[in-house]
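J.: Note that the protein sequences, when read in sequence, are chains W and C. Residues in the first sequence are numbered from 1 upward in steps of one, following the numbering used here. Residues in the second sequence are numbered from 195 upward in steps of one, following the numbering used here.
Think of the hints as simulated: they come from the structure by calculation, not from any bench. Just so you know, these numbers come straight off a predicted model, no measurement behind them. For glycine and all other residues, C-beta sits at the position ideal for the given N, C-alpha and C. Watch out, some of these pointers could steer you wrong.
Said to hold, decoys possible - Okay, the calculated bits of chain C under chain W, using three or more residues with CB under 8 Å as the criterion:
hint	segment
1	269-280
2	288-300
To be verified - Calculated Cβ distances over 10 Å to all of chain W for the following chain C residues:
hint	residue
3	Leu239
4	Glu247
5	Asn248
6	Asp310
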Amino acid sequence: MIRLKPDFVSIMIGTNDARGHFHEPWANELVFLWKLKVENPFSLENYEKNLEQIVNVLLESTDAVIAVCSLPPIGEDFDSKVNQTVIDFNKIIHQVVERKKVNKFCDRLHFLDVFQVLRERCDSSNESAPSIFKMLLYFTVIEFLYHLLRVPRKYGSKIFGMSLLSDTVHLNENGADEVAEIISQWILRNTKKK
Amino acid sequence: MKAESSTTSTEKEDVFPPLRPGCGSMDPPIFLTNILLGIWFVLTLRRLSEGEENPFFGNPILLTFALTCRHVFVSADKSPKDSVYEYYHRDGRKASKLVCLGDSITQGACSSSFVDNLRCHDACRGMDVVNAGLNAITSWTVANKVCRDEFHVLVHIHVIITH
């Protein structure tokens with residue numbers, strides 16, 4: 001990725017860390033998948049360390065303007081326990097960006113609050129807590145409708161009362177539009193500076 | 195600490211092996227649907243050899259269900275448009291580029307892709323938008339592998355899971 005010499009980099013990483021931190025079976029799945037040998041790989045401390053490392057590598061190895069996005073919600077009940085975990089991770093993201101900006105006198109590192117924007121735009125009637133079962137059920141139904149009948153995911157997710165997410169983790173067309181809008185506004189602001 | 199710009203073709207292959215993105219997270223369900231379809235095929239062949247009037251085993255709705263299942267899982271693991279590998283080997287790149295780094299939300303294979311939407315925005319006109327999203331990826335993987343262009347880790351894991 002560094003060899004591409006990007007002018008802009010947007011980073012949105014940590015949803016799987018937050019899931020692993022929140023729920024042990026999800027953590028076990030990811031540890032098995034990536035053969036992680038780190039102790040407590042999805043702790044907030046390790047996430048902070050990894051994010052700092054990512055930002056450092058990108059700042060030192062590229063001339064790109066970098067945007068670190070906060071994580072989108074997991075399920076559309078923004079006050080749920082799992083979203084409290086997401087908020088904790090988002091606080092870490094904000095802290096890392098602010099710290100780097102001060103320490104490195106860096107004006108090419110920015111924080112984009114995707115979570116907050118999605119919270120303001122959300123028009124959801126689904127306030128139940130997400131689970132593996134729900135995620136699989138929603139994913140199967142919505143993707144079936146999409147692949148078999150070409151029903152847009154935003155209509156499929158309406159069946160389950162969601163407005164921005166499809167299977168409680170991934171974005172539907174509405175959510176993707178919002179995130180694309182946030183990033184494009186950031187690019188417009190920084191293209192003028194470049 | 196700038197990245198080297200000149201790479202030979204062999205180095206390119208080492209760094210970006212021809213592999214679909216993802217880490218094989220969708221391989222178990224794909225394997226399962228393959229087995230179901232295989233059973234259906236064998237049972238149909240048996241009926242055919244026995245000279246049955248309706249040789250096709252089971253209900254066509256069930257077959258459609260199994261085929262759609264397989265298609266959904268395969269699609270969920272497919273390479274996004276302009277992935278890092280694809281873009282690296284593409285001719286006619288634009289001068290300016292945006293790289294979107296992230297997990298399945300960025301890859302957009304099992305959901306809507308905001309990266310595809312970005313390509314249509316005025317802000318990204320005249321700019322290449324590269325999708326560096328990978329299913330099931332964590333901050334550890336990005337920090338230790340992706341950021342350092344060590345894409346071969348994905349081949350390794352893919353091989354372990356499929357065998």
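J.: A separate judgement is required for each hint: does it hold in the structure or not?
T.: Hint check results:
no.	hint	in the structure
1	269-280	holds (count 3)
2	288-300	holds (count 11)
3	Leu239	holds, 27 Å
4	Glu247	holds, 29 Å
5	Asn248	holds, 24 Å
6	Asp310	violated, 8 Å
Checked against the numbered hints given earlier, the structure breaks only hint 6 and satisfies all the rest.
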